[in-house]
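Chemist: Need the complex rebuilt from these two chains, each delivered in its own frame; the hints are there to steer you.
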Amino acid sequence: MALSGAVLPWITGLAVVLVLGGLIWGFFFTPNDFRQGSTVKIIYIHVPAAIMGSGTWFMMLAASLVWVIRRHHVSALAAKAAAPVGMVFTLIGLFTGAVWGQPMWGTWWEWDPRLTAFLILFLFYLGYMALWAAVENPDNAADLTAVLCLVGTVFAVISRYAILFWNQGLHQGASLSMDAEENVADVFAYPLWVCIIGFGLLFVCLVLLRTRTEIRARRLGALIAQERMA
Amino acid sequence: MRGLLLRDLRLAVKAGGGFGLALAFFLIVCVLVPFGIGPETGLLREVAGGVLWLGALLACLLSLDRIFALDWEDGSLELLATSPLPLEMVAVTKSTAHWLTTGLPLALVAPLLGLLLNLPSAGFIWLVASLLIGTPALSAIGTFGAALTVGMRRGGLLMSLLVLPLYVPSLLFGAMVVSNGADGASVGTPLALLAAISLGSLAILPFASAAVLRVNLR
Chain A
668 MALSGAVLPW ITGLAVVLVL GGLIWGFFFT PNDFRQGSTV KIIYIHVPAA IMGSGTWFMM
728 LAASLVWVIR RHHVSALAAK AAAPVGMVFT LIGLFTGAVW GQPMWGTWWE WDPRLTAFLI
788 LFLFYLGYMA LWAAVENPDN AADLTAVLCL VGTVFAVISR YAILFWNQGL HQGASLSMDA
848 EENVADVFAY PLWVCIIGFG LLFVCLVLLR TRTEIRARRL GALIAQERMA
Chain B
14 MRGLLLRDLR LAVKAGGGFG LALAFFLIVC VLVPFGIGPE TGLLREVAGG VLWLGALLAC
74 LLSLDRIFAL DWEDGSLELL ATSPLPLEMV AVTKSTAHWL TTGLPLALVA PLLGLLLNLP
134 SAGFIWLVAS LLIGTPALSA IGTFGAALTV GMRRGGLLMS LLVLPLYVPS LLFGAMVVSN
194 GADGASVGTP LALLAAISLG SLAILPFASA AVLRVNLR
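Line by line, the protein sequences give chains A and B. Mapping to the numbering used here: the first sequence position 208 is 875, numbers consecutive. Mapping to the numbering used here: the second sequence position 39 is 52, numbers consecutive.
Looking at chain B on its own, in the form it has when it is part of the complex (with noise of 0.2 angstroms):
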């Protein structure tokens, strides 16, 4: 399992494995963003922790075919079906290894990218934890949406459209933390409500990737 991480990030991290591609993604939205709405810095603050969320997590979207679409196609998935590991795990190493090179720098240079769009000093902590505690749940679900749709032609157009309703409730809750916080309110329930769908995520969605993984593979 270990092995299988490590294996992952490498690939991740070398080059052509679009580890900066997502993050190159997250810049590119959050500098869109006030040609789109206009350069009024209220009107930026305003929108600021809803449009972080909304980049991270299209950033996020952006790479989840290449959970499992490189191992499909040089056959290491069915070596990895075969092998000791139960598929649950080798779901929940590759949310984790997608989290690592995605979610977590994601969260990490979200506050960068908050200095352009002016959200107020307060929120920034909130950003980073609502990020962290957050795409956890992006990366398990966004694992379900890849293994639904490995193998498949045109599968990232199908898998957008199948993964982004599930993102629901992580992006509403996310950015009602950093709107919360930049605002000074209190954030104790929508960070629960963040950590509890994350947790949970966590907890089921492995299960459920693995049994389309299974259907996918036979």
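Looking at chain A on its own, in the form it has when it is part of the complex (with noise of 0.2 angstroms):
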């Protein structure tokens, strides 16, 4: 607590610098693409959105299991902390991405394998998020979500792939690979690696927020319980 509540506030500032660096750089200081015009600049929100969407599940996955196998409470705690904050990013994403397509596809919406997939994996936030708020004592809880969260990835992953049989996607490839051959030109890879770093960022400071939010309810609750017994 000590650790987390002196490192939170340089850690919010951070990500609030880079985002809003990141996304002042990119909207007024990058040229327009020669095919998309400006609306290329939808990726400074719509790419660290959808990265942190889905590195979001597999933080609750690690935490998941660290409280499966060491049942360590703050990383349950951390679990429940991050589900709505993924939700949100993934749902940022979507959305970003269907402003984007509309004219660039000429649709707001395609059953392309990407798409599918990441509505899916937003279905799947709201099952577990549903889950914690469901159950009543709070171990049981932990547990079950836990359990869920390690079977989902598994079928989140299959539905990833199998989806993959059923439709072609419009979608493009990786773009911003290490070793890929074609990147995103470096003018707007630039201000998008800010971005992303300060997306990351902004998630760290959330979900520091949101468990510690969780941990002080906990002791709240404890000490309720105890007056209520003396």
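Since the hints were made in silico from the structure, they are not lab data. Accuracy of the hints is not assured; some may be wrong.
Simulated DEER-style distance windows between Cβ atoms [to be verified]:
#1 A:774 to B:170: 49 to 55 angstroms
#2 A:776 to B:98: 45 to 51 angstroms
#3 B:37 to A:888: 45 to 51 angstroms
#4 A:888 to B:89: 57 to 63 angstroms
Values in this document were obtained by computation on a predicted structure and should not be read as measured data. Quick reminder that beta carbons are idealized off the backbone N, C-alpha and C, glycines included.
Modeler: Written out as structure tokens, the structure reads:
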């Protein structure tokens, strides 16, 4: 608690600076794409949000594993705290994708593998959060959601690759890889990296904040229970 | 284990057990579809495979909360948990009973409903085959969902939210088998993957079901 409390303001400040800086750099100081015009600038929100949307699920998976194996209470609370954050990032990714897809592909929505997989991930977040909300005993809830997260991960990965058999996509492949020949041009890539790091820090700051709130709520509950007993 | 299986089958077939309910639901879904999308035979032929799989999946979902709910209410689930039979085997038995009372009959009546939806004749064999191979996964996943939500108020709604995203791969490959088969295309790959999902679910999910049952019973 002491460490996270000391670190939190710095991370928050850095996240705000990086996100704002990256967005301003990207929005106002990069040229328009010669084919996409200014719509290309959606990339500075879309890509970081999408990366964090799927990344959050893996953080929840790791936290669930820690809970199942070591029964460390904070990890269960961190997974609980991360879920809504990941859900919102996923939603932002889907929404900005739709806004970008409308002028570029001529459609708001396409049953493309990446888009569909992301929508399914969004449903997994909803189910996970609903299960947390439905169980009263916090330890039981942590156990049940941890198992759901493990099983859900397996099925989410299966779905991701199953969908490739089902429909070919409009969405482009990876274009930020270290080893690829053709990537996003450097003018766009630098502010994009700043935004990605900024969104990552934003995620850390939100999860820390929410976990601290959960821990305090848990302590408060324990104190109230003590009061009643006395 | 055999005793438990027979008991569950008897309970399901008896009045109020919901054995016929899933079949009737399947029938109604397939009858409602033409009202929704129009009676053109060409259009129906296109969507028949997907609709039949979707109907079977929803009918399966409908009967999931019965897997553990009654045993939970009258306390026999706790007896089962303290019996020498491991809880994992209880989960397997429950899935098997659920499959025998929903998945198997659904697969057997599906050709009749395929007739209603104008499924091409080449597709019938693949419809039955894909349902026979794919529905065990639906039962195993459903048992996991039922175990997660056993004893919860409004557990049924929550369970559909949890279970339906897990059904995506089975539905996708199952419907693909039927539509490929109806078009005379090769069905080997989706059928093999469907079988892989079923076998994998049957092998792994009973452990997850037993784990969450233990949590819910403590």
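Chemist: Each hint needs a verdict: does it hold in this structure or not?
Modeler: Each hint tested on the structure:
1. A:774 to B:170: 49 to 55 angstroms: violated, 32 angstroms
2. A:776 to B:98: 45 to 51 angstroms: holds, 49 angstroms
3. B:37 to A:888: 45 to 51 angstroms: holds, 47 angstroms
4. A:888 to B:89: 57 to 63 angstroms: Taking Cβ atoms as reference, residue 888 of chain A and residue 89 of chain B lie about 34 angstroms apart, which means the hint is violated.
Consistency with the previously given hints fails for numbers 1, 4, ordered from lowest to highest.
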